[in-house]
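Participant: Residues per chain, in single letters:
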Amino acid sequence: MKYSIVTFPGSNCDHDSYYIANKGKNKARFIWHKDTNLQDPDVVLLPGGFSYGDYLRCGIIARFSPIIAEVIKFARRGGLVLGICNGFQILTECELLPGALLMNRDLKFVCQHQYIKTCNNNTPFTRQLKPGEVIDIPIAHKEGNYYIEPEGLNKLEENDQIIFRYCDKKGEINVAANPNGSVDNIAGIMNKTGNVLGMMPHPERNAEDFSGSEDGAKIFSSIEELYSRCS
Amino acid sequence: MKAHVYVTLKPSVLDPQGKTVMHSLHSLGYEKISEVRVSKFIEITYTGNNRSEFEQDLENICSRVLANPNIEVYHYKIIDSDSHDEI
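Chains as they are written, first to last, in the working numbering: chain Z, 85 to 315; chain V, 2 to 88.
Check each hint, because a few of them may be wrong.
Said to hold, decoys possible - Straight-line distance between alpha carbons at most 20 Å, and here's what the computed EDC-like set of lysine to aspartate or glutamate pairs gives:
no. : chain 1 : residue 1 : chain 2 : residue 2
1   : V       : Lys11     : Z       : Glu179
2   : Z       : Lys192    : V       : Asp16
3   : V       : Lys11     : Z       : Glu233
Since the hints were derived computationally from the structure, they do not count as laboratory data.
Isolated chain Z, as found in the complex:
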C-alpha cells in the first residue's frame, strides 16, 4: 500500500506520519507541495504543522499549492485522503470537507492526551474500531474549534459524517471534555462519499507503545485492512 505524504513549508508532522505509514509492506513517500504528481498513491496524507506559518488563516495558503489541485482530483475520483490537524484545516479550506476550524474557545494552544469517541466505525479509516470505542489520541493545536452552521451540522449527522467526538475516559460527550469549543464536540469528520477524513487529533503520534498508547495505529491498520481486502 502506498502513502503519499504532502510536505508544505511549515509542515512538522510529515516525518512522524512517514515513520508510521512506511511500515511492513507499506511504502510512504514525501511529495513536495510544488509538485503536480501524487505518484500514484493509495492514500494521500496531509500532515499536521503550520503550513505557511498559519498566515492569514490556517490552511488557506496551502490550499493554493500546486499539489492541492491533484489532491482534489484524487479525492473526487474516490481516493482516500487523511488530513490530520493542519491537514484537516487545509481540507476545509479547499472545500473537500465542510465547515471551518476557528481559534480555540479559550484562546490557548492545547497540547494534551485526549479521549475521542468513535461515532462511525463503518469507514475506511475506522473499520478496526468498535462502535463507540474510546481511544486516546493526542491533540496539539490552537485553531481546532470546529464550526459549522446548524444546517450543515444536521447534514453531517444525517449522513453519519461525524467520525470522532471529544469525550472523557468513560466516553461521555460533554462540555468539560471539549478541549477547544468545537460544535457538538466534533474532533473529526468525513465527506459525504466517505473517502476523505479530517481530524484534529494526531493518530501518528500515538501509534507505537513508546508513546503510551497505540490507539492511533488502529486508524492506519484500518486503511491497511481495507486495502488488503481490495487488492
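Starting from the known structure of chain Z, arrange chain V on it as the hints suggest.
Facilitator: Below, chain V alone, put in the same frame as chain Z:
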C-alpha cells in the same frame, strides 16, 4: 490605488478574542462596552489604473482567499493613492 479590506467573523460565530478584550475593558472600568469583535484589516496596493478592474479583482481575492465564507464576511474601500480621501 489602494484598497482597505476588512474581514470580520459572521455575527453568528463566537469571537473569543473579542470576548476577552471586552472583559478586559470592563475590568478597566469601561462597563458600558457591550460587545467587541476582533477583525482583520488588510491593505492592498494596486499598480493598475482601472478602478472597475481593481474592484473585480478585489471581489475575487476576498471571496477566494482573504475571507472564508463559512465563517467570515468582508467589505473593502478603494483609496486614491494621490490623496488620503476614500473614493
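Participant: Which constraints among the numbered hints does this structure fail? Numbers only, ascending.
Facilitator: Every hint satisfied by this model.
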